[in-house]
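Asker: Based on these hints, arrange chain B on the given structure of chain A.
2 protein chains.
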Amino acid sequence: MKAILVIADGMADVPLKALKGRTPLEAAEVPSLDEIAKKGICGLVDVIGPGIPPGSDTAHLALLGYDLIESYTGRGALEAIGSGVDILPNDLAFRCNFATVDADFIVLDRRAGRITSEEAATLTAAIQESIKMNPPEVGDILFTNTVQHRAILRLSGPKLSAFVSDTDPHRTGQKVLQAHALDENPEAEHTANVLNTLTLQLHDALTDHPVNKRRASNGLPVANAVLFRGVGTLPELDPLSLLYGIHPAAIAAVPLVKGVCKAAGMRLINVEGGNGTYETETKAKAQAAITSLQRFDFVLVHVKATDLASHDRNPQKKIQMIEKVDVLVAYLLQHIDSEDVFLAVTADHTTSSVKGEHSGEPVPLAISGPNVRRDDVGEFGERPCGRGGLGRIRGVDLMPILMNLLGKAEKAGS
Amino acid sequence: MKAILVIADGMADVPLKALKGRTPLEAAEVPSLDEIAKKGICGLVDVIGPGIPPGSDTAHLALLGYDLIESYTGRGALEAIGSGVDILPNDLAFRCNFATVDADFIVLDRRAGRITSEEAATLTAAIQESIKMNPPEVGDILFTNTVQHRAILRLSGPKLSAFVSDTDPHRTGQKVLQAHALDENPEAEHTANVLNTLTLQLHDALTDHPVNKRRASNGLPVANAVLFRGVGTLPELDPLSLLYGIHPAAIAAVPLVKGVCKAAGMRLINVEGGNGTYETETKAKAQAAITSLQRFDFVLVHVKATDLASHDRNPQKKIQMIEKVDVLVAYLLQHIDSEDVFLAVTADHTTSSVKGEHSGEPVPLAISGPNVRRDDVGEFGERPCGRGGLGRIRGVDLMPILMNLLGKAEKAGS
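Sequence lines, in order, name chains A and B. Going by numbering that gives the first Met the number 0, 202 is the number at position 203 of the first sequence; the sequence numbering is gapless. Going by numbering that gives the first Met the number 0, 98 is the number at position 99 of the second sequence; the sequence numbering is gapless.
Next comes chain A alone, as it looks inside the complex (with noise of 0.2 angstroms):
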């Protein structure tokens, strides 16, 4: 028996006056989803709790199985391996935008006017030699750019502290912000005090750079400063193949995600134009997810640009996300062994359309495969799929449900 789980990002959503009081999904056409509906069992998921908004980190840690309290150690470090960058216990990741600031370091934009990638790593360069020269007292420093104006600072060494507040001050018009500690131990003043001589340090390093003498010329915003958030280390999670002893894999597009699906011991499977933005290719993430079933039990497909859509507010790009993933999911309906795999689509969230935000109604979530508790469900909703057969349940009890149903779940008791 194998499974594969299909998590659509934000794809809940509200009820909206502009759908006639429909949400994107339900206004969507999604035949292949109302067909695990159909033929499957549905419910609705608090993926963290009742009422509560998941990030997406939080949310596919829950879903996997994880207790939060327990596993989730911050943004920077999973959405470092996410990157592909090597983090150690004790490592500190940080999440870093290039910005730009003016001579009082007042951010005027936290993007740098989105430079492209390869700007990006022509300043990181730099970066990295102004490190090399200028070492501040830590054992190590990688500064790394991955998309566009993003990048990822680790620091690690023995005097370090994961209690310390961000640099970026996340709105335009305020000056970059002194990192300062959050706890009393040496250790967070130390880190803090790292950040604050890295900003300086970064702003020289960049400031004339010929990037951006360029970008100036040219009337853009230049990449004079680099802004830190989100620090976080790396979870301690126990694998899924040892938890439940399968075989898992995950398709996904965004670094974060990734590094969740990677932290719980997933293999990341890249996918050629499956990229997380809006003309993401999920025919073929279809095409190697079901590649990947002839190596892999478990097999988790990410799509990110349904969330988009939402944080954009706008209904309309959202329901043509839900109906790609709609063709996604035929793909997959139309390739799988239904007598030997299990299909489940859920969410990780609902993303408003009306509030541009993560919001905490519960996600409609089907399940088809052999002999699954059938229900009279007959269509992938919010609303239809709460009159489900599953109930209401919590994003942790959906790896049990799942590993039940593939003949993993172990006895408790005898």
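Bear in mind the hints are in silico, worked out from the structure with no lab data behind them. It is possible that some hints are incorrect.
[As the list claims (entries may be wrong)] Simulated restraints, written as ranges between beta carbons of each label pair:
hint: 1; chain 1: A; residue 1: K158; chain 2: B; residue 2: P369; range: 49 to 55 angstroms
hint: 2; chain 1: B; residue 1: E338; chain 2: A; residue 2: A411; range: 21 to 27 angstroms
hint: 3; chain 1: B; residue 1: V353; chain 2: A; residue 2: D375; range: 32 to 38 angstroms
hint: 4; chain 1: B; residue 1: R386; chain 2: A; residue 2: H334; range: 33 to 39 angstroms
hint: 5; chain 1: B; residue 1: Q293; chain 2: A; residue 2: I105; range: 36 to 42 angstroms
hint: 6; chain 1: A; residue 1: A17; chain 2: B; residue 2: D336; range: 18 to 24 angstroms
hint: 7; chain 1: A; residue 1: Q177; chain 2: B; residue 2: P30; range: 32 to 38 angstroms
hint: 8; chain 1: A; residue 1: P369; chain 2: B; residue 2: E338; range: 57 to 63 angstroms
hint: 9; chain 1: B; residue 1: P369; chain 2: A; residue 2: D375; range: 26 to 32 angstroms
hint: 10; chain 1: B; residue 1: V353; chain 2: A; residue 2: S413; range: 38 to 44 angstroms
hint: 11; chain 1: A; residue 1: D375; chain 2: B; residue 2: G50; range: 46 to 52 angstroms
hint: 12; chain 1: A; residue 1: L87; chain 2: B; residue 2: E338; range: 49 to 55 angstroms
[Claimed, not checked] When the alpha-carbon atoms are kept at most 27 angstroms apart in a straight line, the in silico DSSO-like pairs for lysine-lysine are as follows:
hint: 13; chain 1: B; residue 1: K1; chain 2: A; residue 2: K354
hint: 14; chain 1: A; residue 1: K174; chain 2: B; residue 2: K1
hint: 15; chain 1: A; residue 1: K16; chain 2: B; residue 2: K19
hint: 16; chain 1: B; residue 1: K407; chain 2: A; residue 2: K354
hint: 17; chain 1: B; residue 1: K1; chain 2: B; residue 2: K19
hint: 18; chain 1: A; residue 1: K16; chain 2: B; residue 2: K38
hint: 19; chain 1: B; residue 1: K1; chain 2: A; residue 2: K16
hint: 20; chain 1: B; residue 1: K38; chain 2: B; residue 2: K354
hint: 21; chain 1: B; residue 1: K410; chain 2: A; residue 2: K354
hint: 22; chain 1: B; residue 1: K407; chain 2: A; residue 2: K19
hint: 23; chain 1: B; residue 1: K410; chain 2: B; residue 2: K1
[As the list claims (entries may be wrong)] From the derived model, a few chain B residues whose C-beta atoms are all more than 12 angstroms from chain A:
hint: 24; residue: K1
hint: 25; residue: P52
hint: 26; residue: I105
hint: 27; residue: R109
hint: 28; residue: G112
hint: 29; residue: A120
hint: 30; residue: I140
hint: 31; residue: E186
hint: 32; residue: Q200
hint: 33; residue: H202
hint: 34; residue: D396
hint: 35; residue: A408
hint: 36; residue: G412
Ideal placement from N, C-alpha and C gives every residue a C-beta, glycine not left out.
Answerer: Just chain B now, kept in the frame of chain A:
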């Protein structure tokens, strides 16, 4: 965004033969409650947990989102706070009854024939005098009557402990109990001794009091003893304002619920005529709720009369009281801006008109307001709400769900 939460005490019930298998709520004419169900999303709430009959104190703590194991420190202090008695950390507060005892301290009437508040006030003055004259070994004693036969005893001092038993035998025909220590600490023994000394001292102060002589000559039970029960200490609750970033108020008549709300940092709004009895002026409460919305963004409205009718095992009276709640809700519906204000209606517990007691069945809940995931439920009742889109939740889930709707929920992770 704002919210009004209406809690009708003990409104939920069980199906009754006298009502042809309907509950009082299902049998009542409640067009406005039905309107909230119709416009909104419904569910069932296990206020404490499945099958557990809640007290009114624990129920309100849970519905306000507090973990009972951390927050519940006994009824005495909550009722004292709600009666306007100042309770400091380490103070002990007891609920007290004026009672009638014979020469052997056998309880003949636990309520001394429900003496008037005026008589109780006169007797209280004598008690205060007696305590002043013969202070037992305790820092500071306050005895104060509240309504009819009810009173509060507050003990302060460094050598006290809440681990003491009641002196109230909780039934007639039994002797007033000796308080005894419930743990090994000398403070508990000392506190028990204080109570036992007070029992004798107060009996002496009351026995020949003119009020009792007059009652005896009129053939009424005398108030010649005071029974102590329900010891409690001040719960240390994080205020709702801090937990959720709201500015909350409460409209309630009974001291216990007022105490819970005050302990949760809610501003108490007094309403003329809203006095917790059958005659309570529900419309005045509704008007006060609407007015309060100008200054507060979360208003709890508590109605007691529904509970009284079920303790009296009077389903017809209960139906009348439920229909009064409907009048209250009708006023709210007419006067709120439904695009800005969420309206939630529930009960704090089921009170069975068969048993005449609190019972462990879940209570119905309906929430209307902008962009809620409206379901198919068209009627407010125990069973219709059980088919609603909220499914079956716990009492502690209600506040997170409401806070998410208000946009006050904090994201878990990022």
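Asker: Now tell me if each hint is right for this structure.
Answerer: To see whether the hints hold, each was checked on the structure:
| no. | hint | result |
| --- | --- | --- |
| 1 | K158/A to P369/B: 49 to 55 angstroms | holds (51 angstroms) |
| 2 | E338/B to A411/A: 21 to 27 angstroms | violated (49 angstroms) |
| 3 | V353/B to D375/A: 32 to 38 angstroms | holds (34 angstroms) |
| 4 | R386/B to H334/A: 33 to 39 angstroms | holds (37 angstroms) |
| 5 | Q293/B to I105/A: 36 to 42 angstroms | holds (38 angstroms) |
| 6 | A17/A to D336/B: 18 to 24 angstroms | holds (20 angstroms) |
| 7 | Q177/A to P30/B: 32 to 38 angstroms | violated (60 angstroms) |
| 8 | P369/A to E338/B: 57 to 63 angstroms | violated (48 angstroms) |
| 9 | P369/B to D375/A: 26 to 32 angstroms | holds (30 angstroms) |
| 10 | V353/B to S413/A: 38 to 44 angstroms | holds (41 angstroms) |
| 11 | D375/A to G50/B: 46 to 52 angstroms | violated (28 angstroms) |
| 12 | L87/A to E338/B: 49 to 55 angstroms | holds (52 angstroms) |
| 13 | K1/B to K354/A | holds (16 angstroms) |
| 14 | K174/A to K1/B | violated (33 angstroms) |
| 15 | K16/A to K19/B | violated (41 angstroms) |
| 16 | K407/B to K354/A | holds (12 angstroms) |
| 17 | K1/B to K19/B | violated (39 angstroms) |
| 18 | K16/A to K38/B | holds (14 angstroms) |
| 19 | K1/B to K16/A | holds (20 angstroms) |
| 20 | K38/B to K354/B | violated (34 angstroms) |
| 21 | K410/B to K354/A | holds (13 angstroms) |
| 22 | K407/B to K19/A | holds (26 angstroms) |
| 23 | K410/B to K1/B | holds (20 angstroms) |
| 24 | K1 | holds (16 angstroms) |
| 25 | P52 | holds (22 angstroms) |
| 26 | I105 | holds (51 angstroms) |
| 27 | R109 | holds (41 angstroms) |
| 28 | G112 | holds (48 angstroms) |
| 29 | A120 | holds (46 angstroms) |
| 30 | I140 | holds (42 angstroms) |
| 31 | E186 | holds (34 angstroms) |
| 32 | Q200 | holds (51 angstroms) |
| 33 | H202 | holds (52 angstroms) |
| 34 | D396 | violated (4 angstroms) |
| 35 | A408 | violated (5 angstroms) |
| 36 | G412 | violated (3 angstroms) |
Of the hints listed earlier, those the structure fails to meet are numbers 2, 7, 8, 11, 14, 15, 17, 20, 34, 35 and 36, in rising order.
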